[in-house]
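Dock chains B and C against the given chain A, drawing on the hints supplied.
Protein chains in written order, with this note's numbering: chain A, 613 to 1102; chain B, 476 to 1045; chain C, 52 to 148.
Keep in mind that the hints were calculated from the coordinates and are not lab data.
Some hints here could point you the wrong way.
[Unchecked claim] Covered stretches of chain B (in silico footprint by chain C; criterion: 3 or more residues with CB under 8 Å from a CB of chain C, positions within the stretch not fixed):
#1 932-939
#2 944-952
[Stated by the list, open to error] If you want the footprint, here are the derived chain B segments under chain A, 3+ residues with CB under 8 Å:
#3 594-603
#4 1021-1028
#5 1032-1038
Treat the numbers as computed from the prediction; the structure is a model and nothing was measured.
By construction, the Cβ of each residue, glycine as well, lies at the ideal position given by its N, Cα and C atoms.
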Amino acid sequence: MTHLPVLQIALPLIAAPLCVLLRHARAVQIFAVLVAWACLGIALALLGAALPGGAISYELGGWPAPLGIEYRVDLANAFVLVVVSALGAVVLPIGPGRRGHAVPPRREYLFYASFLLCMAGLMGVAITGDIFNVFVFLEISSLAAYTLIALGRQRQALRAAFSYLMMGTIGGTFVLIGIGFLYQMTGTLNMADLQRLLPAVQQSRSVHAAFAFLTVGIGIKLAVFPLHQWLPNAYSFAPPAVSAFLASTATKVAYYLLVRLAFGVFGTAYVFGALGLGALLLPLALLAMFVGALAAIYQSDLKRLLAYSSVSQIGYMILGLSFGTATGLTGGLVHIANHALTKGGLFLAVACIVAQTGSSALSDLRGLSRRMPWTFAAIAIGGLGLIGAPGTAGFVSKWYLVLAALSAGRPEVAFAVLLSSLLAGIYVWRVLEAAWFRDPVQSAPRGEAPLRILIPTWVLIGASLYFGVFTEWTAGIAEAAARQLLEGAP
Amino acid sequence: MSAISALPPGTLLIAGALLLPLLRGAALKAWLLALPLLSFAHQLQAPEAGPPLQFFGLELVLLRADPLALAFGVVFHLAALIAALYALQLQDRMQHAAGLLYAGAAIAALFAGDLITLFIFWEFTALASVLLIWARRSERARHAGLRYLVVQVGSGVLLLAGAALHYRATGSLAFGALAPQSPGGALILLAFGVKAAFPLLHNWLQDAYPEATVTGTVFLSAFTTKLAIYALARGFAGTELLIPIGVTMTFFPIFYAVVENDMRRVLAYSLNNQLGYMVVGIGVGTPLALSGTVAHAFSHIIYKSLLFMAMGAVLLRVGRIGASQLGGLYRSMPWTTAFCIVGAVSISGLPLFSGFISKSLILSAAAEQHHTVAWAMLIIASAGVLKHSGIKIPYFAFFAHDSGLRVREAPLPMLIAMGAAATACLVIGVWPQLLYDILPHPVNYEPYTAAHVIGQLQLLLFAALAFALLLRFRIYPPELRATNLDTDWLYRRALPAAIRAAARAQRRLRAAAQTRAARLGHALIAWLRRHHTPPGLLGEPWSAGATALWAALLLAASLLLFYLRTAAAG
Amino acid sequence: MQQHSGNGGNGEQGAGGGLDSRRAGDWAIRLLCAACLLVLLLDGLLHLFHAKHGHFAAENWFGFYGAAGALSICGIVLGGRWLRRLVMRDEDYYERD
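For reference, chain A alone in the conformation it holds in the complex (with noise of 0.2 Å):
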C-alpha cells in the first residue's frame, strides 16, 4: 500500500491509452468507470492515512527528493484528491450524452480516454510536491479538457475550446515562467525544498516576478476576476458531462495550487505581510462576486447563468484566501468541496434538462417542474446551496467566510458576502419562477429525465444537503489543512 500516491496517478494515465485501444463503445465505459471508482477508493484510503496529521512523501522511481520527484500527501491535497475523484466517479458514469450528439458511438472512447487523462492530470497537480511537475500535470488536464469541450455537439463548441486553448496557453506559460524565475533563484523544483531555499533569497526582484507570474498565470486557469473570460463559454458549449466535472473541479485545483504556493511554498507571512496579496485578491474577489452575478442575472440559457455564477462563487473562495487567516482559509477550501458538490449537481441537473428538452434555454424551462419534478427539486436546492441558504453546503461555506470578514475587523465585507447573497437569489429565482410558475410549452417532453443522469445528480445534490448539516468531513478537514498549511507545510 505504500504505492497508493503514485497509483492515485498511474491509474487513470494508464487506462487512458487502454481506452483507446479497446475502443468498443460499451467496454469503455465500464473500464473507464471502473477506473475511476478505483481513483476514489485510492483517494479515500490515502485521505485516511493523511488524517492523523503527518504528510505521506513517495519518491517516484526510488530518488531522493530533491532531485527525483516527490508526491507529497497531507490533509489539504487528500481532500481535493477526494473531491476530484469522487467528482469523477459520480459523473463520469453519464457518459457523453446521447441525443443527437455529435460523437458518434465508434468515437465515444475518446470522451472517456480524455476523461481519465483530465483527472489524472488534475489529481496529478494537487498530489505532486515538485513544481515543474506541477506546470506538467497543469497542461495535461488542460489538454485533455480542451479535447473534452470540443466534443461538444454545437459548432461554438470548437471555437470555445480554441479560445479556452489560447487562454489557457498563456496562463500555461506564466506559470511556465514563474517556475523559471524561482528555478533560477533556488536551483531546486521541489517545493519542500524551495519552502527552505526561499527566505534568503526573498528580497529579489525575481522572487517577486516568480510569484507574479505564478498567481496571474494560475489565476487564468482559476478564472479569477477579470481573467475568467474562457470559463462562460466553455461551460455552456461543453457536453453536459464535462461541464459537471470541468465546473467542479478543474478551477478547484488551480485554487489549491495558487493556496499552496502562497501559504506553502512562499509563506504567510511573505506572500500577505511583505508582499501584501491580500490588497491585490480581496477587490478582485469582490468584483468577481458581483459582476459574476450580475451577469448570471443576465444570462438567457442555464448554463450560462451556471457558468456566470461559478465566476462569482470563485470569488468567495478567493475572497477566503485573500485574508491570509486560517478562518477564512478553512472557508475557501471548505468551498471547494461544497462548491463542487453544488454545482457539479447543478450541472448534472442540465444534463437531465439537456437529454429530454435538447435544449438550456430559460425560455424553454418553463413549466418543466411539473413534467420533471425530480430534476427541478435537484436545481431548487442546488439553488439554495448557491445562494447559501442554511441546511445547504453553501451555506457552511459562507458561514466561515463572514466570520474570517468579521474577524478580520472588515464587517464591509461580510455584509458583501451577504449582499451578493441576494443576487444569487435573484438568478436563481429566475430559474425556479420560470420552471414553476409558467405554463409548459407545448413541445415540453412527457417525462422525467433517465435515471441514468438523474441518479447522479441526486447523490451530488443529496451529498449537498448533508455536508450542508454534518460538516465534520468538511469542515472538519478543511480547518485541520488550513491550520496544517499555516504553520508551513511545504
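For chains B and C alone, coordinates are given in the frame of chain A:
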C-alpha cells in the same frame, strides 16, 4: 423514543407533512388531524433541555422547553389543529403540506435554545408560509407572495447578521435576554420587529395576508407574528423602547381599519393592533405583564383565527370579501354569523370572553408601573378594537343592508373548526384560571371584579352606541371599494417611480449630450446598463487577446504592488 | 347565482322585518341606550359603596369609561374620514400601468 424526545416538538409535523403525498381520502384527513395531536403529545413528554449538538464548532441547543416556550407551544398546537380542521375538505395537497410544515417550523422555532437554530426555523416558516399565499394561484397573490417572501427572508438575514455580531461580542449564541443597545442586539431586535410588524415595518402583513387562500390566511394569522412576539418576550422583555412602539402599533391600524373595505385586510390591521398590546406588555416587562402578553397571544390566536375563518367562509361562499359587497348574510350563514360574533366580542374584550381576561392583565401591568400615557392610549385603542373588529366585521358582513346574497352555509369541517374556536374563547373567558395556570409566571389576578366588569361594559356599550349613532346620522364614512395607501406605497409606487424618474433623467441626459460632461455621464450610464447583458462587456466573453491584455495588466499591477510594498518595507 | 349587490349607499331597505332593516337599526340604538343607562346606574351604585380602586384617579370618576369609549369612537371615525381623504385611491391603483 429517546431520539425523538431529543428533537424539538414541531419536527414531527414537518416529518409528517412529508408523508402526505402517500395518503389519500379518509386516511389523508385522519392523518391531517392526528398529526397536531401527536405533535402535542410529543411536546408533553419533551425533556426540559435536549442534548447540545455540535455544528461546525458551535454548540446548538435544538430543544429548550421552558414555561415560556411550552405556553406558546400549547396554543400553536391548538391553532394548528383548528386550522387543519378548517382546511380539511380542501383538495389541495400542496396547501395541506405547506400548512403543516409552516406550523411545524413555527413550533420548532419556539424551542430553539440558540440563535442559529432559531434562524433556521425562522427562515423555514417564511419559506413554508409563502406557499399558502401562492396557493391562491392568482397574479396578485404571486406578486404579494413575492413581496412577503422578500421581507420575511430579509428579517432572517437581519437575524443572522445580528447573531453573528452578538456572537462576536459575547462569544455565546444562546438565545436568552439580549441587549438592545449592542449592535448585534439591535439588529436582532430589528429582525424580530419586522416579523412582529412594528410600525413602518408592518405593511407586509396587510399586503400579504388578505391575498392568501381562504384556509392559508387562518394558518398565517396564527404563527408568524406570534413567533416574533415570543422571540421579543424572550430576548427583549423590559425594553422600555417597546412601550411607545407597541402603543403606536395599537393605534394607527385602527384608522386604517375604519376606511379599509376588504374585510380580511381589516382583520390584518386589527391583528397588527392586537400585536401592539403584546409588544407593550413585553416593554413593561414585569412578570404580570409578560404573563399577560402570553395570555393575550394565546386568546388572540384563537379569536383572530376564528374571525379569519368566518371571513374565509364568506369569501369561499360569496367569492368576494369587500364590506361594500356584502351584507345580510346572517340569513344564509347563521352558524358562521354566530361564531363570528363570538370572535368579535372576544376580541372586543366583553366580559365572559377570552379577550377580556387576557388584555386586562397587560393593562393592569401598565397601570401598576405607572405608564399613564400608554395606559390611556390602550384604553382608547380598546374602543377602536371594538369598532373595527367587534362591530365592523360582523355588522357589514352579516347585517348592514341586505345585499340579496343567498348562499349556502359554510362546509361542515369549517363550521366544526369555527365552533371549536368559539368554544375555546368562551371556556377561557369563563374559567380564566385554566389559561393562567400555564403562563410562564404565576398570575394572582382576578379579572371579574365588579368595578372592572362594569368599567369594561361601560366602555364597550358607550362606544357601540356612539358607533350606531354615527352610522345612523351618516357621519360614519361609507364603505367604498378602494385601495388605501400604506407604507407598501414606498416600494410599490415610490421606488418604481424613482426608477422611472431616473430613466427619464437619463433620457434627458441623452438629449443634453451636446456638452462633453453630459456625453460622459450618458456614456457611463449606458455602459453600466449594457455591460452585464449578453452582448455587453462583462456579460459576454472577450477574445483571447483581451484576456492576454488583462493578464498583462494584472501582472503589471501585482509586480508594482509587490515592489512598492517591499520597497516601503526595505 | 348571486346577483351583484349595489355599493354601500343603499342602506334603506324599507321596513322589511330582517335584522338588516332600518327598523332593526333603530331598535338596536334604543336597546343600546337602555343598556348604557343601566351600566351608568351600576357605576353610580359602585360609587355609593366606594367599591372602585383604580390605579389612576380618573378611573374612579363617574362614567369615565363610558365617556372614554364614546369619545374614542368619535375621534377614530373622524380620524378615519380624514385619513381616507389622505390615502384613498382607486381600487386598481397598483394594477394600473
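Worksheet item: Which earlier hints turn out false for this structure, listed by number in ascending order?
Response: none
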